[in-house]
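Visitor: Given chain A, work out where chain B should sit, using these hints.
There are 2 protein chains.
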Amino acid sequence: MTIEREKLRWNGWGWIEAPDLLGARAELVWGWMAKVLGCAALPHTPPVSLEKIALPETRLHGPALCALEAVLPAARIRTDAYERAFHARGKSYADLVALRAGMLTPCPDAVVYPECTEEVLGLLRWAAQHGAAVVPYGGGSSVVGGVNTPETACPVLCVDMTRMCDLLDLDETTRIARVQAGVYGPALESALQAQGYTLGHYPQSFEFSTLGGWIAARGAGQQSNRYGKPEKWLVGAEVATPHGLWRTEHFPASAAGPQLTQLVVGSEGTLGIITEAAVRLHRTPERRDYTGYLFPDFAAGVSAARALVQDGVPTAMIRLSDSDETRFYAALQHGDGEVGEATPYCAMLLGLEGAAEEVAQAGARARAIIDAQGGMALGEGPGETWYKGRFMMPYLRDPMLDRGLGVDTLETATGWGNIAPLHAAVRGAIARAIAAHPGEPGCGGVVLAHISHCYPDGASLYFTFVFRRDAAEPLGQWRHIKAAASEAIVAHGGTISHHHGVGLDHRPWLAREKGPVGAGVLRAIKAQVDPGGIMNPGKLIP
Amino acid sequence: MTIEREKLRWNGWGWIEAPDLLGARAELVWGWMAKVLGCAALPHTPPVSLEKIALPETRLHGPALCALEAVLPAARIRTDAYERAFHARGKSYADLVALRAGMLTPCPDAVVYPECTEEVLGLLRWAAQHGAAVVPYGGGSSVVGGVNTPETACPVLCVDMTRMCDLLDLDETTRIARVQAGVYGPALESALQAQGYTLGHYPQSFEFSTLGGWIAARGAGQQSNRYGKPEKWLVGAEVATPHGLWRTEHFPASAAGPQLTQLVVGSEGTLGIITEAAVRLHRTPERRDYTGYLFPDFAAGVSAARALVQDGVPTAMIRLSDSDETRFYAALQHGDGEVGEATPYCAMLLGLEGAAEEVAQAGARARAIIDAQGGMALGEGPGETWYKGRFMMPYLRDPMLDRGLGVDTLETATGWGNIAPLHAAVRGAIARAIAAHPGEPGCGGVVLAHISHCYPDGASLYFTFVFRRDAAEPLGQWRHIKAAASEAIVAHGGTISHHHGVGLDHRPWLAREKGPVGAGVLRAIKAQVDPGGIMNPGKLIP
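Residue numbers (my numbering), protein chains in the order written: chain A, 1 to 542; chain B, 1 to 542.
So here's chain A without its partners, still in its complex pose (with noise of 0.2 Å):
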């Protein structure tokens, strides 16, 4: 079972009989949030159609086209304009503020929907034979233009994977499913879920991302405090390559030298093509608690934070907002109030989930060292709120670009000594350059914070932020903003990215952190499984 693609926004976020989640309120809301950064009143703004957009001339015909043909049915190669358009880039900032104004060049030659392995290894013979590059496809939803059509000289295939959907196997003894990396997260968690289980794994993106994409961007769910991201749970993998088929070592724990499974963790389509995934499993949890608790301030909350996972509480989700984000949240929520007075309270959601006494043994555990924090319950509604509208987010993005404005997440993580500091120089960085190329004179943005994902020795920092967009050079203005927050999150000790991946936008800042003889390894392990550098050209690799 998969999405139909026709379904889908091309040129925004999800289905397109989206739900409208402000309603009756949305003018209320975009006046104070005109107030809010201190502009005039915004602006409509929409997005070119895709009838108006001339697309390129494919470049696939005549014997390469033919030889296509005979690897898959002409039903499934793919070269109407719906299909590029949606396949043209992902869903960041950047991609969507190009596919508004009609920016359809490059997209992809064709898009092409394998059904099984030996399909794919096709294609790649296919593709190193005629001189095409190969862009891997699950869900689309990368927000770091990891599905990027390049521009090359040579044609470009898309790969949409979503229709290898199936689940291969679930074995209850070792409790490790085998399945087609092409399965939504809705499809993939209703079949292990009739039959008892879970992988847990949750983003933001759950409903529009795919398994494989979860591990070729190397994310994170919302609840991986429990279930782990998937260098936890990836347990083998199946990767179709220029070089041949790749199955990764499938055992519970070895010595037989380094665990080559990790680097299909995160190679986002560099190497190959995921194919399928051995992931392990979870019983469906009997009991869900999420809970809102709000603290005098950040540091308190961080402090009981750190105290929670590194005391072994099992939780799934803690997330702590930081003082900003919990004034603008609970205004954005009150309709049209106002942002008030600054205050030092934060908010923190803490997630629980397993065995009901488990819940309730952890939720005890929990309560003790928050309120040795100066933590205060507010009851279940916040954590309900949040869980009934955690995959929705997004969908408010594409009313913001209606209205003249700008919003963008990026995210990093670093030691529980540094959260501070580097809170503090990302924020302040996001702040300066939002103010050094204002959208409008004289408007400023909003920037906002929240721990997202907590380990023993550390955690993540998840930024958003909003500003007025540049009507005449919006990515110019997004260009400047990003390469300030990632040049601060690299100089003040975070990873350039938690959960979002590398792709294109983070590329430029991968060589400092992986270092001289890092980074040459990694550009040796593509050299050796894709010799032509025909899978995914451009993206992660320094």
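Heads up, some of the hints might be wrong.
Because identical chains share one entry, a pair is satisfied inside a single copy or across any pair of copies.
As the list claims (entries may be wrong) - Listed next, the in silico EDC-like pairs over lysine to aspartate or glutamate satisfying Cα-Cα at most 20 Å (straight line):
{"hint": "1", "residue 1": "Lys-35", "residue 2": "Asp-402"}
{"hint": "2", "residue 1": "Lys-482", "residue 2": "Asp-80"}
{"hint": "3", "residue 1": "Lys-526", "residue 2": "Glu-249"}
{"hint": "4", "residue 1": "Lys-232", "residue 2": "Glu-249"}
Keep in mind that the hints were calculated from the coordinates and are not lab data.
Guide: Showing chain B alone in chain A's frame:
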């Protein structure tokens, strides 16, 4: 604080002043052992003393030696017989057989003791310039030929890392320590525990192995259920490679491409020399509880072990002996007792560590699971006995070698559903190989096995086998048995090693485990960081 080489046996395990484990019971035990194997009285087979062995001439002199003395002071460049003999090999059965027979060709041309990373880099530059091979050496406890001097036309430099043994930093906020890699187990734990922390990595070789060796071999501590293998506790490494210094990423989590730290784990000195490691700590456990249980049969014990890990009971160690091992050790402990009738009972040792309440809760949950499988508590006696003697077993090997016996261990891991078939296949293969190449006509062997480490999806199997050594062709006899066991492991879905590593002995089977693409990736990484192929030649890389 390190260990002077002169206090350690060059051709046996541990201290020269080793504990006499058998004491007055020795002759009784040898008599019993002979009966068990079905041979005549065991002969005395003492080793050749070092004074009687002619070592090959060192090939290091002239300008090369002069240049080496510019890198390290002459006092830390050793070419005397004891140092060269001590560093010629590791501690496998085959190594001891060879050393005891006086086989010291090849042995290192010089042994050097660097004291800082810059010196290690200098040594690698020297080796590249002077065409020497480099063998990194920690405690030298490898049982797979991981540190054996290669047979090369060029000089071989053994780099002994044990003077790089400082705790550089212990960050209580992140609970991460930065440590020089040459530190021995006891020195590391005493430095950490002085501050209330532990790494918790206790392999059987703990007293005579180093942090760098644990990482390089991708070993496992006895309590890895709680503390993890290096895959889990290594958060960042510094590796001196011929291509320069490699500092791997060091973040709580990241999505910035594949996690390259995992390439260092299991690299076995073939990519470079691990000079420093950042490792994840735990609070020193408040309480330890090691209790013995007896199960009606192996299948019941396996079911209990699986339920313990899959239900998330926080154990430190689950060790389940098969029925032969259960009877053998009971008989050995009771001196000259008969091994007795074949009974199906299997002993389990369950280790719990942590806060007092955590241990109590885990104990209660464990007992319920064990009860359900018909397990019977044996009290704390067996647990205490095991805990006290947990590093002593290797000391038994030397007296066995003195009495004409052969003894070796090997290990693997597989999924829960495959434990029983793999156990049967490997036992059978070893027993048949011993029978086909008996040390004395009609002599049999003893094959014992236990599960040593458990995971949600499967477990390790650890085999011990004892046989009458073939006086004429001891290494041929061993290779015959080893090959049969390795073939059985690979053919029946096990990894070629769960925690001993690959080295020389498992290398012929590694390519089948990694597959052609994986093997190519390993070779490409090696070629990138060690283009001259000078690092630990002949090991690991398929």
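Visitor: In ascending order, which of the hints set out earlier in this document are inconsistent with the structure?
Guide: 2
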